[in-house]
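These protein sequence lines map, in sequence, to chains A and B. Quick note on this note's numbering: the first sequence kicks off at 1 and runs consecutively. Quick note on this note's numbering: the second sequence kicks off at 1 and runs consecutively.
No lab work stands behind these hints: they were computed from the structure. All C-beta atoms, glycine included, are put in the ideal place defined by N, C-alpha and C. A couple of the hints might just be wrong.
Unchecked claim - Listed below are several chain A residues computed to face chain B (Cβ distance under 10 Å; list not exhaustive): (1) Y29; (2) E93; (3) Q98; (4) A229.
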Amino acid sequence: MTATATSSISAAHDPDAAAARCVGLVKHYDDVKAVDGLDLEVRRGECFGLLGPNGAGKTTTVEILEGLIRPDAGRVELLGRQWGGQKDQWLRERVGIQLQQTDLADKLTVEETVRLFRSFYPSGRSVADTLELLGLRAKRGARVHKLSGGQKQRLALACALVSEPELLFLDEPTTGLDPQARHRIWDVVETFGAGGGSVVLTTHYMEEAARLCDRVAIVDRGRIIAQGAPEALVAELDAEQIVQLRVDGELDAEALRDLPGVTHVEKNGGDLFRLGVASVGEALPAILGVIEAKSVALQTMTTKQPSLEDVFIHLTGRKLRDE
Amino acid sequence: MSRSGSVRHPLVELTLARLREFGRERGAIFWTFGFPVLLAVGLGIAFRSKPPPQVRVAVVGQGPEIVSTMERLHRAEGIKPLRLSAAEATGALRSGKVDIIVEVAPPRAAASDPKGAEPGPPRLVYRFDTLQPESRYARLLVDDALQRALGRQDVMKADHRPVSARGSRYIDFLIPGLIGLNVMSSSMWGIGYAVVLARRRRLLKRLAATPMRRSHYLLSFMFSRIVFLAAEVALLVAFGWLVFGVAVRGSLLAVTVISLLGSLSFMGLALLVAARPDSTEVASGWMNAAMLPMWLLSGSFFSYERFPESVQPFLKALPLTAFNDALRGVINDGASLWQTWPSLVVLAAWGVCCFGLALKLFRWQ
C-alpha cells in the first residue's frame, strides 16, 4: 500500500489500534452460555489462535468479532472500530473471512466464484493473482462441486484473500483435510502473515496452533483459561517429558505424586496416568518401583515431549478432541 | 494496487452467477421450458375441439319391434345402439358405458284390445339418470330420432347456422393459463428454493460477511428471472400460435408488461416464503402451500367461474387469478392493457406487500 493510497483514510484509521479486541463478551443460546465473559486482544501483524475443543465457544467468539453475531454483552473493536451503523462497510472491506463451513455455489467455476467475490470490494488483488497465490490456477475452470475438500478450502481462502484484507479470520481452516492439504493452507496463511496481515484462527489441532500462531488462547466453556505464546504455555507445564502409562490393577495417583522428578500427575479414566516429568532419569526408576511395590501390572508406557495438547489436558483434565 | 479494469459491477457479477447457476442445472431447464410445452401438447390433444361424442344406447326387450327400433336408431346420426339383455343394460348404465336404456315393451296382447284396430306404436320406456347431462341429452336425441322415424313433423320451422367463435376453443383458454402457471412456478421455485439453499449452505452468511449490498443480491435474482421469464413466455406464446393457432389478439407489449408485473409479484411471494426457513424441505412445504390453492382455484385449467358465487371475490384476489384474467383478456379477447387494470392492481398489491414483508423478515444466517 502506498502512502498516497492510504492518506485519505489514515485520519480515521488508527494504525496503532489492535487488530481485534474484545472485552467481557457474553453470548447465550437459550440455556447454553456459549461465550461467558471473554476478553482478548489481537495485535497488528500477529497470528492469534483460539484453541479449544468442540463447543468451547470458539466459533461464536469469532463470529461475534466478525460482526455476524450480536453479543448479549461486551465490547468488540476491530482495527480501532466497532460494528454497527455506517462503519460496517469500512470494516467489511478490510476484513477477510472464512467461515467454519460454507458451501460455495456448486455450479460456478473456481474463477467465476473468485471473480464474484472480487466484485464486492472496491480494491484488492486480481483474480489471476489470487488463484496463483492459492495454487488454484490449474483448477480455475473446474466447477466447485468437483473440487476436493482441500481445494474447496483453498477456494474459500481465495474468496477471503481476494480483497487483500488487513485482518483475516479463519475458523477451523484445515479440519477434515489430509496432511498435505493442511500444509498448503498453512503456507498461504504464513505468506499472508509475512505480508503484515493479522490473523485470528480457531483450531483444535495442536500442530496447527504451534506452527502458525504467535500467541494462542486456550478456550474452554466460553472462557479463556490460558493465554500466551505456544512455547511459553508449554514451558509453564514445567515438564521436560510427559510420561503416560496404563496399568492393570489398583493404583492411586497419590502414590505417584511425590516421586522424585515428577511435577504433576493426572488420572484419566480408571487406569490411565499422565505424569509431567522434570527429569526422566530420576522419575522412571521411581515410577517402576511404585508399580512393582503395589504389584499392579504395567500395560503400556510412553514418553514424549509436552505439547499444547498436554497444556490443555493439564488445565481441564480433558482431551481436545474426542477420539 | 487495484486493477479495477476487469472488475465488473457486483450486480452484474451476481446476475451472471444466477444465470450460470440456473443455466447449468439441466433439470431446471426441463421443468421451466420442456414441461409446460409437454403439458400444452397433452392437454391440447386431450381436449381438442371435436364433434360431440356418440350417444350410446342400450336397447332391451323382445319381439319384432326391437329389430325395427334398432334399425331406426342405427339410421339416426350420433347414436350408437347396443342390443343388450336387461341385466347387462343395467350394469352398463351404472358404469357409464351407455347413457340411456331404451326398453321396448312387447305389443299389447290382442285380447286386451277388443277393437282390434291397427297395432299402436310400440310403447317405449326410457331409463336414464335425470341428473346426468349426458343422459338427458341422450334421451332428447333418442326420442327425437324415433319419433321422426315414425313421421313426426316440426310444427315450426327453424334455421341452424353453426358458429365457431375465435378464441373459444379449450386450447385458447389453456395457453394463457399455462403461461400463468409457468410464470408462477418458475418465479417461486427459481427464487425461493435458491435462496433457502444458499441459506442452508451458509452462503448467505458468507455473502453477508462481505461489503456486498444486500439489495444487489436480491435484485440479481429478479434480473436473472426476467431473462428466463422472457424466454418462457415467448416460447409458450410462439408454441400456442404455431402448433394450435392460438393468436394473441391484443398487443404483445401488453403481454410483456403483464408477464413482467406478474413475475415480480410472484418473486415477492417467493422471497416472503423463503425469508426465514433454512431447510429446503420446510421451504418446499410452504411453497406448495402457497401455490397449490392457486393451481386449483385460479382458473388455469378450467374457469374459476364454476365455483360458487360466494367465493369468487376471494378467487379474484389471488395473484394467479389476476394474472390469468389479465393475460386472457389480452390474448383471447384483445383487451388493451388499460382494460385489465383491476387485475394489474391486484398483482401490484401482492408484489409490494410480499416484498416489503420479506425484507423485514429476511434472515441472512
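Hints, one by one, checked against the model:
1. Y29: violated (13 Å)
2. E93: holds (5 Å)
3. Q98: Check passed: Cβ of Q98(A) comes within 9 Å of chain B, closer than 10 Å.
4. A229: violated (29 Å)
The structure fails hints 1 and 4 (numbered hints given earlier, in ascending order).
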